[in-house]
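So the chains spell out like this:
Number of protein chains: 4
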Amino acid sequence: MGTDADDKPREACGVVAMRCINKDAATYIYYALRAIQHRGQEAAGIAVNSKGLIVKKGLGLVADVISSEDIEKLSGKVGIGHTYYSIKVSKPENIQPQFLKTGVGDIAIAHNGIIVNSGLLITKLKNEGKNFIIESEEEAIIMMLADAIRSTNDIPKSIKAVCKELIGSYAFTLMINDRVFAIRDPYGIRPLCLGKLPDGKGYVAASESVALDVLGAKFVRDVLPGEAVELTDDGFKSTNIAPSINRAHCFFEWVYFARADSVIDGLSVYDVRKRIGWRLAKEAPVVADVVVPIPDSGRAHAYGFSMGSNIKMLEGLMKNRYIHRTFIMPSQAARDISVREKINPVRAVVEGKRVVIVDDSIVRGTTMKRIVSMLRTNGGASEVHVRIGSPPLIAPCYLGIDMTNRDQFIAGGNKEIDEIRKEIGADTLAYISIDGLVEAITMDKDNLCLGCVSDEYPVSIPGERRRFQQTLANFE
Amino acid sequence: MGTDADDKPREACGVVAMRCINKDAATYIYYALRAIQHRGQEAAGIAVNSKGLIVKKGLGLVADVISSEDIEKLSGKVGIGHTYYSIKVSKPENIQPQFLKTGVGDIAIAHNGIIVNSGLLITKLKNEGKNFIIESEEEAIIMMLADAIRSTNDIPKSIKAVCKELIGSYAFTLMINDRVFAIRDPYGIRPLCLGKLPDGKGYVAASESVALDVLGAKFVRDVLPGEAVELTDDGFKSTNIAPSINRAHCFFEWVYFARADSVIDGLSVYDVRKRIGWRLAKEAPVVADVVVPIPDSGRAHAYGFSMGSNIKMLEGLMKNRYIHRTFIMPSQAARDISVREKINPVRAVVEGKRVVIVDDSIVRGTTMKRIVSMLRTNGGASEVHVRIGSPPLIAPCYLGIDMTNRDQFIAGGNKEIDEIRKEIGADTLAYISIDGLVEAITMDKDNLCLGCVSDEYPVSIPGERRRFQQTLANFE
Amino acid sequence: MGTDADDKPREACGVVAMRCINKDAATYIYYALRAIQHRGQEAAGIAVNSKGLIVKKGLGLVADVISSEDIEKLSGKVGIGHTYYSIKVSKPENIQPQFLKTGVGDIAIAHNGIIVNSGLLITKLKNEGKNFIIESEEEAIIMMLADAIRSTNDIPKSIKAVCKELIGSYAFTLMINDRVFAIRDPYGIRPLCLGKLPDGKGYVAASESVALDVLGAKFVRDVLPGEAVELTDDGFKSTNIAPSINRAHCFFEWVYFARADSVIDGLSVYDVRKRIGWRLAKEAPVVADVVVPIPDSGRAHAYGFSMGSNIKMLEGLMKNRYIHRTFIMPSQAARDISVREKINPVRAVVEGKRVVIVDDSIVRGTTMKRIVSMLRTNGGASEVHVRIGSPPLIAPCYLGIDMTNRDQFIAGGNKEIDEIRKEIGADTLAYISIDGLVEAITMDKDNLCLGCVSDEYPVSIPGERRRFQQTLANFE
Amino acid sequence: MGTDADDKPREACGVVAMRCINKDAATYIYYALRAIQHRGQEAAGIAVNSKGLIVKKGLGLVADVISSEDIEKLSGKVGIGHTYYSIKVSKPENIQPQFLKTGVGDIAIAHNGIIVNSGLLITKLKNEGKNFIIESEEEAIIMMLADAIRSTNDIPKSIKAVCKELIGSYAFTLMINDRVFAIRDPYGIRPLCLGKLPDGKGYVAASESVALDVLGAKFVRDVLPGEAVELTDDGFKSTNIAPSINRAHCFFEWVYFARADSVIDGLSVYDVRKRIGWRLAKEAPVVADVVVPIPDSGRAHAYGFSMGSNIKMLEGLMKNRYIHRTFIMPSQAARDISVREKINPVRAVVEGKRVVIVDDSIVRGTTMKRIVSMLRTNGGASEVHVRIGSPPLIAPCYLGIDMTNRDQFIAGGNKEIDEIRKEIGADTLAYISIDGLVEAITMDKDNLCLGCVSDEYPVSIPGERRRFQQTLANFE
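Going down the list, the protein sequences come from chains A, B, C and D. Heads up: the first sequence begins at 37 in the working numbering, then just goes up one per residue. Heads up: the second sequence begins at 37 in the working numbering, then just goes up one per residue. Heads up: the third sequence begins at 37 in the working numbering, then just goes up one per residue. Heads up: the fourth sequence begins at 37 in the working numbering, then just goes up one per residue.
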C-alpha cells in the first residue's frame, strides 16, 4: 500500500478550464495539469480556441506530451485540459480533450467521471444517425449538446437539457467555440473548483485547488453540485442545471486521491486525513513505541494518529523515489528483490520496537502483507500494528474509481477483520468506522458517496442498491 | 532547498561490486544500483566478467540504460556497477564502469570520489607512452594497475602501490578479469560497505547499506579506510593499503546525501539527522506553533527539532512528485508559475501560524528565499523561522561534492548570519554549530571531513589549508 | 527532375482492399501497400474487421507504421489499407483509413482522389446535425453512406446514391462491417484494379497491378469507371453506380506516377513510356552522341528515345540512393553542395559529347536547370538537349495531383518553348505534343484527363472550363 | 543479386580527410561521406581538430548520426570522417573515427581495409604495457604511431615506420593534432584519391572520386600505393612509405563496390562495367530477344552486353525503392511474399521473350535463383539466360570484403558451371573469364588482387597461397 500503485484504487482524471485576457491560456493549463498530474499519468491534452480549435494530446505525462513548441502553437485566450488515467488508453483517439466540429461550432470536452447510462445514450444517438469514432461518453455528450444548441440556440439551456439525460458522476470542462464552461453533476461526486488569476489576468476552473495555487490564482469557490459555470471576461456566470437535494461527494478524494495540500468542497484534505488518524487512535488504541507512516499515502493520517495516541511518529519506512519504471526480470533472484526495492525499513527507527503503521486504505492487501513482513524480518520490529484510514473496501465503484471488481478486495465477502489481520500478518488491525470517517470529514453522511464501503450507491446502477430512491425522481 | 536539486550540493557517484555463486551478478547489481540511484541520475553502467568482459552503460537512470535483454547478456558471476552524476557527461566514453583490455587482462573500475592529483598522473602516464580516450582518473588508475600487476604479478600488492600514488577521495570497485575488489581511501572520505547475500549466494560491496537491504543481503561491515577488500567465493579477503592515522568521513553523507535508511560507518543516517534536529532545537530555540519539514531533505531533521522543541510537526509544504522534466517557457506567465509548482504550502497547517521550517543545508539560498515568501504569501504564515541542519557552507569541496566555486554560497565571504536571514526573508535563522553537528554525528571531530564548513581539508590541495599536515607524510 | 521530389507533381494516395478465406488480410495488405508506397510516403494505415473494427495507422512509411505485433493484432479476413501523401498530414486524425461507428455498423474508407464539392457536402451534413472530427471528404462519404444504408438497408444501392452526390475523382476501398468494396468514379480518373490470390486464398483490389504481383495474385481486371465491386468469398460482385459516357483517365499515371511495372487500364506503363520516348525522337529529332535518362523517372522514356533516334543510351547521370533525409545546413558551403549530392554526371559517358537528356515532365524547372548546368560544367558535355515525355504543364490539377497553383509552372502563362529553353540553359528543348502523347498512350483522347496540359477539365470545377458539358448532366 | 544485399559481397568502409582554409571541414566531410554512403551504412563519424579533438559518431546513416547542431559544434579547419559496414558494430566503442589522447597529442584514424597481422600487433603492444578499449586494428595503429612519433619527433617518418609493420590492405585517413594525412598500402588494394576544393578553399582525400564531385572539388590524383600524403595549406606533401613493386587493386571495386560515376585509379567505373558487358557478349553469345539488367548492380554491364550482342536492352525488372526496412512476419503467407516485393518483372518487356539477365556477380545464388524463376512464372519469359560480369567467386577475401567463408559460394569447391546453371534454373549461364575481366579493366593482371576468383593472394595470409612471394620481402 502507499508504495504500490497496483494495489491502490486509482482515480480517472483531472480537468482544467481557462479564460484569460491574453493568449496565455495553454501556458496556464499546462502548469495546472502538472499540479494535478496525480489524477492521471497515462495521457494528457490541451485544447484552445483561437480562430478555430487547436488540440495537442498524447500518451504520457503532461511534460512528455506538451512541448514548448506546442505551447506556442496553442496560442489562445480560452482552453481546456485533461490528464488521463485508464488502462484502456491504447489509441490516440481515446485521449481527451475530445472534440467534434459540429453545425453549431467546435465543441471540446475534458471529462472526469463515469456516465453510467452511456451505452444507452450512444445506441440512441446511433439510431438517430449519429456516427462515432470511439463510442465514448464524451462524443455522446458533445453530440447531444450540438443537437440541443441547434434547437434552442442557447448554450446554458442546452447544457441543462443534456445533463438531464446523464446518469452517473461527472465534472467536466467544456469549450464551445470561444466559450468555456465548468460543470458538475447534481451530487457533486467528483470535485471541481473555481479561481481567479492574479492581476485580473483571467479565470480558471480545475479539479483541485492545488491547480489554482500553482498559477498564483485565488480560490473563489467550488462549482456547486448541479451547476454549470461559464468563465467569462468578468468572472463566473452560473446556471443551475439540476435540483441538488442531497450531495454524494466521493469520500476517497479526501482519504487518498486528492493532493494533501488541496481543499475540496471547503475541507482541507490534510486536515481531514489528520482528523481520521486522530479518531482512529481513539477508536482503536494500541500500546506501541512508534507510529510509522506508509510513505507518502499514510503520512497525514499517521500524524493524526500520533497526536491522538501520544505515540511519537518517525519515518520507519523509506521509499525509493527512482522506481518509476521497471521490467519483469526472468530470474527468481529478481522476483525476490523487486518487492524490497520500493520500500525499506529504517532499522534505527523500528528495531526492537512495537510499531504502528498507518495507511489510507487496503485494496488487495498484497503490499501491506509484504510491508508487515519486512518490518519484522528486515527491520527487527517486535510488534506490527496496522491502522487504516478508511473503512474496509467491499464493493465496486461505478463512478470514477478503478475498482470495478468485487473479487479484488481483501475485505470482500463479509470477511472478519481478524481473518484479514491474519492474512497480512499483523499483530492487530483496525479500520476506521464509517461513522468515524464521516465525523472526521465533518460532513453530513447523506452528503457523501460511501458506495465502496457500504454497497449502497447515490445513483441507480443496474444490479446495485440505491440509497435515496425517492430523490431526484424527476431529474434522473 | 530540498525541493530544488539546482540549489543542492550534489554527490558524484554510487558504486557496487558483486561476486555470486551463480551467474546472477548483473541482476543483483541492477537492483543495488537502483537503491543508490540518488547518488547519480545522469548515467549508469554494469560490467561483468564471463569468459571476457561485457559492459553495458549509457546516459540516464539505471532503468533507462539497462534493459531486460541486457541483463540476460550480462551473464556472469562477478561484476561491478556505477551510477553517475556529472554535468560533464555528454559522451558515451565518459560513463562508468570504465575499462581497458591490458596485457594482464581486462580491468574495469567504478569510482566514487575525486583524485586531486589526476592531472599530474595522466601527464606522467602519457609521457611514459600511455594513450587515453578521455584522460580520466579512472583510465589512469587502470593503467597504473596494469603496469604494477605486470611488474609484481600480485594484484593486492599492485593495488596498494597504485593507491600510494593517489591523493584525494576514492571509494571504488574494481574488476580484474574474474577477481573483484572494493577499495577505500585512507581517510574513508566516501562510504563503502560489505554484505553477504542470503543462502550463501555470494558477496557484495556498495556505497550504501540500502543497496544491501534491497538484495536481502546481511550487512557485514564497512570497508575500512585504507583497505582493499577482495570478494571471494568464501567471503572477504582484506589488504591494508595505507596507514590510516585519522579518518575524514564526509559529514554531508549523513546530513544530506545518503538515503535516510542507510547506515554509514556504523551510524544510522536517520538517527544522525534526528539528533541534529534535536540539538538545533536546543542551540537555537524558538517560540512557534508548528515545525514544517522541507520535503524530503529536511524531514528527519524536522522530526528531531519537533522532539527537541516540543513543537508539533506537520507537513506544511507539499512537493509535486511529477516535476521530473520541465522546459523553459517563453512567457513571463510561465516563469512566475514554475517557482510555485515544485512546492506548495498547506494552508490548513500554516495559516496564521508561527512556522519553523527545517532543512539540511543552504547553498545559494534562492529556493529557501522562495519558500519563506510562499509560506507568508500563499500559506498565510504569521512568522517564518528557518533552522538548518548543517553549519554555513563557506568553502568549496574538492573531494566529491559538486560545490567547487566559492561564489555560489549565500554564506560565503564571512557574511553575518543576520545578513543571510534578511536575504531569505526569515524572522529568525539559525544553523547548527560545527560542534553541535559533530556531537550529533557522535564521531570524533578529527575523524570528519569538515572542509566545506571549516575551509580546512584532510588532504593537501593546492592553494588550500590542510588540517593534519603531520600525518601520513610517508603515505601521500 | 526525376531526382528532386520537390520539383515533381506528387500523387495523393494508394488504396487496397482484401477479402481472404483465412485471417491473413492484414499481412496481404501490408505487402500490397509497400508495393504502392510510391503513391504516398507521409502516412499509412490498415483497418480490418474481426468481430469489430481494428485500425492501425500513423505517420511514416508502411514499415514504420505497422509492426509485426500490429499485424498479429490486425487478425481478420477482410480489410482495407492506405498510403498517404499530403503536406497537410500533421495530426493522427487525418491519416487514413478513416472510420466511424455508425447506426448501421462500422464503416472504414481508404480514398484516392479529390471530391471537388466536399465543402458543400460537409456544410450540408453539419446543418443536418452531423459532427466531424476533421471535416474530411472521407468522413462526409461515410456519414452519407450510413444515412443511405439506414434508409435503404441495401449497401450497393446506398453506394450508388452517395456517389451520385460526389463530384471529382475517386478510387476508394470501403469496409462496412465485414463487407468490402472497391469503387471508382464514372470517369475512371484514378486507377483501381482487381486480382485473385493464388490457391483460392481470396480476392484483392488495389490502385496498381504491382500490388497484385507482390502477393502472387492474378490480375483479373480493372474496376470500371462508375463501378462498385464487392469482394466476396466467390469473387467479385459488380454494381453500376453511374452511367459512364466517356472516361477521363489521368494521363500522368502512365507518364510518371505509376510504377513502370504496373499495367493501368489495360496499358503497360513501361510500354507507354517507351512509346512516348520513341514518338518524341520522331517529333523532335536531334543530332547527338548519347541519350542519358534522368534516373529513375526518365529511364523508360529514354529507352524509347534511344530506339526512335538510333542514338545509343548510357547512364550519364548517377543518383545517390542514400539521400532520403537531409537538413538545412547553415553555411553557404553546404548550400552549394546539396545541389550536387543528389545526382552526379558520369564523366566517362558525357565528356565532350552531345547529350540528350530525357525526363517525364518539368514543373518548376529548377532541377532541370541544375542538371543541364552540371552536365556541362562537371561532366564536360559539349551540347545538352532536353526532351520531355509530356506536353508543357500549364494548368492546375484539381483531381488528385499536388499541382494546385498556376504560378508554379515554368511553362505557365503561354510562355514560348524557347524562353523555357533559355531558362534551363539547354541547346534545344522539346516536349511531346498532346497528340503524340495520346497516340503513345494508345487511347482515345476523349478518354483521358488532360486538364493540366490543356486547361480543360472533365468535371465542372468552379472557375475552370469543362470539356464535355453535355455528358452526365443527370449524374453529376 | 543486385537487389538482395544479403547475397552480395559487402565492402567495409569509406574514408575522408579534409583541410580547409576556414572552419567548414565538418560540413565538407558530411557531404563527402554521404556521397560514399554505399561503402557502409551501419555507422558513421566525423572528427575535427579545433583547439583539441571533437568527435561525433554513432550507429546509422551519416544523416542519422550527424545533426545540424553537431556540424556547428564540429567547427574546425581539419578533420576526418568514416562510414562503416560491419556486422560486428554493436557498441559505440567500435565506431570510427577511433582516437586516442597520447603523449604526442590527439590522434584519430578512419580506416578502410583489414590488417591481417593485427592480432600479433595487439598482443605485442599489450605485452609492452599498452591498454586497449576494443583491441582494434585502429587502436594498434594509433599506439604504434604515438610511440614512433615520441622517438623520432617526425610524423611522416613515423607513419612509414608503422606501415612497415602492417600486413594487409589499408587506405586510411589520419589526424594528428592539426595535421591530416591520407595513406594507402603498398599494393593499393583499397582506393583513395585526392582533390582540391574550388576557390582555393582547401584540400580533400576520399575513398572515391564521387566524394570530390559532390564538393565541387577537382580530382587531383590517386594516392599512390605505398604513399602517405599530408594535406597542407598549399596542397599535398608526399612521403613514400614503402617500395611498391607491383600493385594489387581489388578488382571488385570496379565490378561492384564503387559508385558507377567514380573513377578509380584512373579508370571510370562505368566504362569498366560497360566493357565487361561487351566482352561477356563476345565470350558467351546468346540468341535472345532482350537484355535485362538486374537493377541497379547489373545495369552498366547490361548496357555493355547489349552493345556487344546487338540485342536491345530494356528494364524488365523493377526494384521497389521503399524496401529499406522489413521484419520477419510470422505467417507462411508473408514468407512467400517477401521474395517478390523487392523485385518485379515487367511483363510487357519479358513476356514470351528470350531474356538475358546481366548482373555483376553471384555469391550464394539464392536471389538469382528467385529472379530466374520469377521471370518465367510471373513475367512469362520463354527462356532465361544469365550472364555474370565477374569470374566465379571461389575463395574468401581477407582484405576488406565481407566474404570470409568458403562455404557461402555457390561456385565454391570446383563446381561445374553447368551445375550452378541447374541450381539457379537458367537456360544458359556464363561468367566472364579472368582474362576477359582483366582486359576489360585494362590493367595489367599482376596489378590486380584476384584473390576471391583465383585463390591466390597478394600478401601472405596464414594457410593461403601467395602470388608474388619474392617481392617486398624486406618490407612486409
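No lab work stands behind these hints, which were simulated from the structure alone. Errors might be hidden in some of the hints.
Pairs involving identical chains hold if they fit within one copy or between any two copies, as the list cannot separate such chains.
To be verified - Here are the computed lysine-lysine pairs in the DSS-like style, where the Cα-Cα straight-line distance is at most 30 angstroms:
no.	residue 1	residue 2
1	Lys237	Lys481
2	Lys348	Lys196
3	Lys378	Lys237
4	Lys160	Lys451
5	Lys87	Lys160
6	Lys200	Lys109
7	Lys196	Lys355
8	Lys254	Lys378
9	Lys137	Lys113
10	Lys451	Lys87
11	Lys200	Lys318
12	Lys200	Lys355
13	Lys355	Lys59
14	Lys193	Lys405
15	Lys405	Lys318
16	Lys405	Lys109
Hints versus structure:
| no. | hint | verdict |
| --- | --- | --- |
| 1 | Lys237 - Lys481 | neither (39 angstroms within a copy, 56 angstroms between copies) |
| 2 | Lys348 - Lys196 | neither (52 angstroms within a copy, 49 angstroms between copies) |
| 3 | Lys378 - Lys237 | between (43 angstroms within a copy, 22 angstroms between copies) |
| 4 | Lys160 - Lys451 | neither (42 angstroms within a copy, 61 angstroms between copies) |
| 5 | Lys87 - Lys160 | between (33 angstroms within a copy, 21 angstroms between copies) |
| 6 | Lys200 - Lys109 | neither (36 angstroms within a copy, 40 angstroms between copies) |
| 7 | Lys196 - Lys355 | neither (47 angstroms within a copy, 38 angstroms between copies) |
| 8 | Lys254 - Lys378 | between (37 angstroms within a copy, 18 angstroms between copies) |
| 9 | Lys137 - Lys113 | within (19 angstroms within a copy, 33 angstroms between copies) |
| 10 | Lys451 - Lys87 | neither (59 angstroms within a copy, 40 angstroms between copies) |
| 11 | Lys200 - Lys318 | neither (44 angstroms within a copy, 63 angstroms between copies) |
| 12 | Lys200 - Lys355 | neither (46 angstroms within a copy, 40 angstroms between copies) |
| 13 | Lys355 - Lys59 | between (41 angstroms within a copy, 29 angstroms between copies) |
| 14 | Lys193 - Lys405 | neither (53 angstroms within a copy, 50 angstroms between copies) |
| 15 | Lys405 - Lys318 | within (24 angstroms within a copy, 40 angstroms between copies) |
| 16 | Lys405 - Lys109 | neither (50 angstroms within a copy, 34 angstroms between copies) |
In terms of the numbered hints stated before, the structure departs from hints 1, 2, 4, 6, 7, 10, 11, 12, 14 and 16, listed from lowest to highest.
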